[in-house]
Amino acid sequence: MSKFKEAEAFLPDEAEWELLPFRFERLNGRVLVTNMAGEHLLLGADEFDRLAHKQLPVDSSLVRRLRAKHVIRRPGDHAPTTLLTLKTRTRYKRLAHSTGLHIFVVSLRCEHSCPYCQVSRQSRDTDRYDMSLETAERGLDMVFRSPSPAIKIEFQGGEPLLNFGLIEEVVQRAKRRNREHQRNLGFVIATNLALLSDEVLDFCARHDIYISTSLDGPADLHNKNRPRPGRDSWEKAVEGIRRVREALGVDHVSALMTTTRASLDRVREIVDCYLEQGLGGIFLRPLSPYGFAVKTKSYSAYDAERWMDFYREGLAYILELNRQGVEMTEYLSSVILKKMLTNREPGYVDLTSPAGIGIGAIVYNYDGAVFASDEGRMLAEMGDDTFRLGHLATDSYEDIMTSEALLAPLEESFAPSAPMCSDCAFEPFCGSDPVYHYATSGDFVGRKPESDFCRRNTAIFKHLLDLYENDPFARSVFLGWAGR
Amino acid sequence: MIALRGRSAAFSVDEPLGRAVWMIADRRSPAPRRQGMAFLVEGDAEPPGGFDLYLVKDVERAPEGKPWIALPPLLQHLSAGDVISASETGEHLRVLWRHRSPMNSVLLTERCDHYCLMCSQPPKEREDDWLLDNARELIRLLPRSTPGIGFTGGEPTIYGDRLIELLGLCRNLLPHAGVHVLSNGRRFADFGFASSWAAVRNPRMMVGIPLYGAEPTLHDYVVQAAGAFDETVRGIVNLGEVRQRIEIRVVVHKQTAPALPEIAEFIARNLPFVEQVALMGLEMIGFARANMDDVWIDPTEYGAELNEAVSLLARRRIKTMIYNHQLCLIDRELWPFTVRSISDWKNEYHPECVECSVRDRCGGFFFSAKYKVSDKIKAIPADEAALQPALLDI
Amino acid sequence: MTAEVEFDAASHSVDAIQRAAYRFSDRFSVELSTGGDVHRCLLTAVGDTDVDALVPDFRTEVLDQVLRERIRAETEPIRTMILAHAFSRTGVVDQQGLS
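Line by line, the protein sequences give chains E, R and A.
The first sequence begins at 1 in this note's numbering and counts up by one.
The second sequence begins at 1 in this note's numbering and counts up by one.
The third sequence begins at 1 in this note's numbering and counts up by one.
This is chain E alone, in the form it adopts within the complex:
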């Protein structure tokens, strides 16, 4: 007399399935499938064949997995397309909010002489390489033309504290202008901290300014990378970090490492160094092939395979620390995991598609020239103006943001239309880097089979997926990083 129907009553009558857009890659006998929103699942080779040829029954655990992950649907199911639309929209939301990061290169002067430096240094004594107030004001005009509701102004150099007076002016003028525009406005100074003074700290405290600095690892490693008169770059950095934490707050200072050949065998020491300085996480960065790095041949020493070992060991160590109750984050993985495990786009300019040049971040050089990125500016220093978008004195916001110099690389490097990328199952986790590819191969798209960018990213994706699927503890840590 039961009015309840069995489970079978709720199965479809026929095995009529529609494919939803998906991509696949074969990985060690299994097949990775990613849907349009970048959600992944791993199938056995047989399971994949059944999917590929739509030889699927009305119901099975495979069918349920595929339906839940929006890889297949029944004709007449509305929810899958509604949800894919929602997820896609979320992923691309940031496009309406260009440009979030505005970099002001306030001075090219610097008292360090780091071999890999992307910034061409000039000596300390001349004022020819400082940004003028007039230029800075024009830069601010550009800043507030951006539609983004959240704006970050970052001061870089050389060593920006050598032109601290201008930083003070820009901060105050920006805040004044913001009374009208009402954006969520933030400031960062990227400094080596050697010139940190109480006056600077005081100003930063009053205006809620964040500090970003360089910390390559233990003293000998850091100082070797960063020669300065006095040979105390590390000591200054560490002391500076301590002072900033105490004056501005623990979350107001972050550090970026640069990897050189000398770093590759010492990842645990480097992580320990970050831990000792009270930093909550580290970004395991590859060395980029720009600026002085190319000139002094330190890039040629760089070995992609060794860097992967460095990264894997560093990540393993950080997971081990987490197991011991230390909440340390690896930021490169964290950016990628956000793309893998949520619909959010973290907006890390080197790993987005469309590329982050111009629309994610833009650079105003000390002399008023406008560049699509840090690296684009470096190329100009080496004589290649490809990524020069214009000049603050002569070009309007429209001129710059719709210039061929910006639109061509954006369009050509757009991954979903690039060869190999358009078919790649990892594409949702990846990005375009037209500047990198231009610098290494001569065009904005590059040849992905030969691209270290591609190889490295693919290796990272596979590694993270492997851990996510097979290591429950790593999975829980990764979910936490993705959710931040």
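Since the hints were derived computationally from the structure, they do not count as laboratory data.
Computed from a prediction, not measured in an experiment: that's the story for all the values here.
Glycine residues also receive a C-beta, built at the ideal position from the N, C-alpha and C atoms.
Some hints here could point you the wrong way.
Stated by the list, open to error - Derived BS3-like pairs (lysine-lysine); straight-line CA-CA distance at most 30 Å: (1) R/Lys372 <-> E/Lys5; (2) E/Lys5 <-> R/Lys370; (3) R/Lys319 <-> E/Lys93; (4) E/Lys54 <-> E/Lys5; (5) R/Lys124 <-> E/Lys3; (6) R/Lys319 <-> R/Lys254; (7) R/Lys254 <-> E/Lys3; (8) E/Lys152 <-> E/Lys236; (9) E/Lys175 <-> E/Lys152; (10) E/Lys3 <-> R/Lys372; (11) R/Lys124 <-> E/Lys5; (12) E/Lys3 <-> R/Lys370; (13) E/Lys462 <-> E/Lys93; (14) E/Lys5 <-> R/Lys254.
Said to hold, decoys possible - Short, incomplete list of chain R residues facing chain E, as computed with Cβ under 8 Å: (15) Ala214; (16) Thr217; (17) Tyr221; (18) Asp230.
Dock chains R and A against the given chain E, drawing on the hints supplied.
Relative to the frame of chain E, chains R and A by itself:
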């Protein structure tokens, strides 16, 4: 178990009562308010005049010449501030509101377009609009300071615009009340209805919608309605579009437990805009009893799935709560997610609980647990209870 | 070092072969010629790649590209629709539900 309805053995109502819903007053209630109030006679003093209805605990004290109802033994717990409904003759009484209860749920209808395997309020097809009318009267009687009110069914949205009106009334008369409405969510697939809902403009209002699968076959089976999943999900999306507060509820039982991680992943990835997710233990009444073989599972058997589900949600910053699970049956790491959620009138305890050091933090059992309970219930000794929650606590 | 691989023209499009060839372009180049029923591929090693050893992988990749082509074709309309809705300025759901 606190009784919520009863039959009066003795009553004297000469003319049909002019109203169904009455708030109980006593000596301490403010004198001028009389409309809709029923005076509760206690003690020896002469009851004041001017009330349209008197309630007595002791028949001897029934007032002469006035309409009165003697409270049956099971309803002797009633006190001033509670609200009852009485049948026209006064014979049948229902408790609509217990002012001492932290959360009262108001039943709006027993009609439903679903037929869930484990439904604790099995649907009835008869027209019961009078429940909606009673709810309206109840809202008019409640004090302005009422902190919270719940609306349940059956499926409340069958009333369509009349439900919206009721919620509007609730917002206007009870401006401080958190309002929690339970619904299967399907009607919100009609964007017009979702918009009307949003137009109530009550920031304290939230809808609780159940989801029992990450894809149609499981969910539709559990709720016994083809096409339910697709419509419910679209309803949830519409509510999200109009920025309404949503709770997703997952009742964990034999059918849903194996799919719990998939359901959690589905919510985290497709419905991350919801305010919270409630993972709920089974209440062994109504259809759950009839379908015990298909729904009963010892909670210790789905510990891994529960852990995984919480991790998948909470780590991605979706507020996750575990309801109706005894602390001794789940991992220590999950204790921070538990909520003491069993309505007080259903609360009971097991003999094993007498010695338990965390009994006060535990939700206890539904009264219906007498029909089926895990044999793994075990008192937690004091030294174990002191263990810190682990890393999962965010 | 070179190797020759043939594909039935009816079931393997030029596009699929080219896409597969692209993926291997760091290891060998592919010269494609079509005559009648078959597409003929001449694989020429880049550097000292062992081209013969890679032939099975190349074949698998061509088959996968044929599959990708079919998936693309089949899902193109729905992909376009989803993108159009995602980038439109109205609400996600066209108020009657997407179909």
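Each hint tested on the structure:
Distance check on the hinted pair: R/Lys372 and E/Lys5 sit about 24 Å apart at the alpha-carbon level, within 30 Å; holds. For the proposed pair E/Lys5 and R/Lys370, the alpha carbon gap of about 27 Å is at most 30 Å, so the pair holds. Using a Cα cut-off of 30 Å, the hinted pair R/Lys319 and E/Lys93 holds, with the two alpha carbons roughly 24 Å apart. Restraint check: the Cα-Cα separation between E/Lys54 and E/Lys5 comes to about 28 Å, which is no more than 30 Å; the hinted pair holds.
Between R/Lys124 and E/Lys3, the direct Cα distance comes to roughly 13 Å. Compliance with the 30 Å bound is thereby established for this hinted pair. At roughly 24 Å between alpha-carbon atoms, R/Lys319 and R/Lys254 fall within 30 Å of each other, so this suggested pair holds. About 19 Å separates the Cα atoms of R/Lys254 and E/Lys3, which keeps this hinted pair within 30 Å; it holds. The suggested pairing of E/Lys152 with E/Lys236 holds, with an alpha-carbon distance near 26 Å, which does not exceed 30 Å.
Restraint check for E/Lys175 and E/Lys152: satisfied, since their Cα atoms lie roughly 12 Å apart, inside the 30 Å limit. Taking the CA atoms of E/Lys3 and R/Lys372, the gap is near 23 Å; set against the 30 Å cutoff, the hint holds. Taking the CA atoms of R/Lys124 and E/Lys5, the gap is about 18 Å. The hint holds against a cut of 30 Å. Taking the CA atoms of E/Lys3 and R/Lys370, the gap is about 25 Å. The hint holds against a cut of 30 Å.
Taking the CA atoms of E/Lys462 and E/Lys93, the gap is near 27 Å; set against the 30 Å cutoff, the hint holds. This hinted pair checks out: E/Lys5 and R/Lys254 have alpha carbons roughly 16 Å apart, not beyond 30 Å. Taking 8 Å as the C-beta cut-off, the interface hint given for R/Ala214 holds, the closest approach to chain E being about 4 Å. A least Cβ separation of about 6 Å between R/Thr217 and chain E falls short of the 8 Å threshold, and the interface hint therefore holds.
Below 8 Å, beta-carbon pairs count as interface contacts, and R/Tyr221 has one with chain E at about 4 Å; its hint therefore holds. A distance limit of 8 Å between C-beta atoms decides the matter here; for R/Asp230 the minimum to chain E is near 5 Å, and the interface restraint holds.
Violated hints for the displayed structure: none, as all numbered hints are satisfied.
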